[in-house]
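In the numbering used here, the protein residues as written are -12 to 335.
Some clues are possibly wrong.
To be verified - With a Cα cut of at most 20 angstroms, we get these calculated SDA-like pairs of lysine to any residue:
| # | residue 1 | residue 2 |
| --- | --- | --- |
| 1 | K32 | V157 |
| 2 | K311 | A142 |
| 3 | K199 | G180 |
| 4 | K32 | Q47 |
| 5 | K32 | S105 |
| 6 | K199 | I325 |
| 7 | K311 | S190 |
| 8 | K199 | S105 |
If you are wondering where the hints come from, they were derived from the structure by calculation, not from laboratory data.
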Amino acid sequence: MRALWSDMVNAKTPDGDRRLRMDDVAELAGVSQMTVSRALRTPEKVAPETRARIEAAMAQLDYVPDLVAGSLAARRSGLIAAVVSTFENAIFAPTIAGLTEAAEAAGFTILLGSSGYSETDEERLLRAILGRRPDGVMLTDAFHTPRARRLLAAAGVPIVETWDLPAEPVDMVVGFSNVDAGRAMTLALHGFGYRRIAFVAPSSERDRRGLKRLDGYRRAMDDLGAPRREIRLHGPVATLEEGAAALVALLDQHPEADAVACSVDTLAAGALFEARRRGIDVPGRLGIAGFGDFALAQPAGLDMTTMRIAGRNIGAEAGAMLVKRIAGETPEQAVFDIGYEVVRRSSA
């Protein structure tokens, strides 16, 4: 099997008389061919400085290893797969950034896909991804079809579910309680002096996390002995347009509401833009709060009260867990509660 690595073809040597081989990389990097092979097969077992020299030599020679042959030899693909719920808003971008940083530091490459908040589509995507034999998988959803759970369990690789704390995790978890977070935001608005609090949430069962935050709102309002005021969206994906439409619906259905919490920052931003367009005093007449603390909100001048989730830390912790398990080590904890934080700004 060693020949699969030493004879990998890429480009010709500078004198043009033969193809580049692994020993050319080893000679330029000042290491053994075995070390180059190890850096390609199990990069987490090679010192970062040595790996950097090997990568520099490969770049100088324009050498691209045959990763298919290498994965057959090593039973490793060098890939960590990530399946996110959506690409259509920014909520998962920091998580992917944190995962990518942790994975690339250990020599892995990210294979990325989106389920579109569909458990059926997630199952189909997982079947395709697992066929490429990733060394680990991160999911931003904890809701799967029974078949998808069986696929994950049978894959024989470490799995991390994120952005929630499922009662029955597939393997490892990095997340927080969406129910508790929704309740905490509602109680925070009450603490700010608002009494007639509404909530904007998805109508689709596909966004299970948003519905859990709605459940948290309901529990808080019941604890306070206050009536619920709910606005349910039409589409499965939160957009600025949906947020604006939600504000219009709120003014029509619950004109007495003095505050509204939204299941995600995108909706809150849309509601805030619409409130400004209508000349509504925010936060005097109506307080508006979001969820996620998106980076785009502050440069846009929204100064939005929100629930901060350390999305980048979620990705970084998930990546660290996967890298450890791939290396045969045991993470300190299999379930990591990353928590949440209410951030008060001028919108409520």
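| request: Provide an ascending list of the numbers of those earlier hints which the structure does not satisfy. | output: 1, 3, 4, 5, 7
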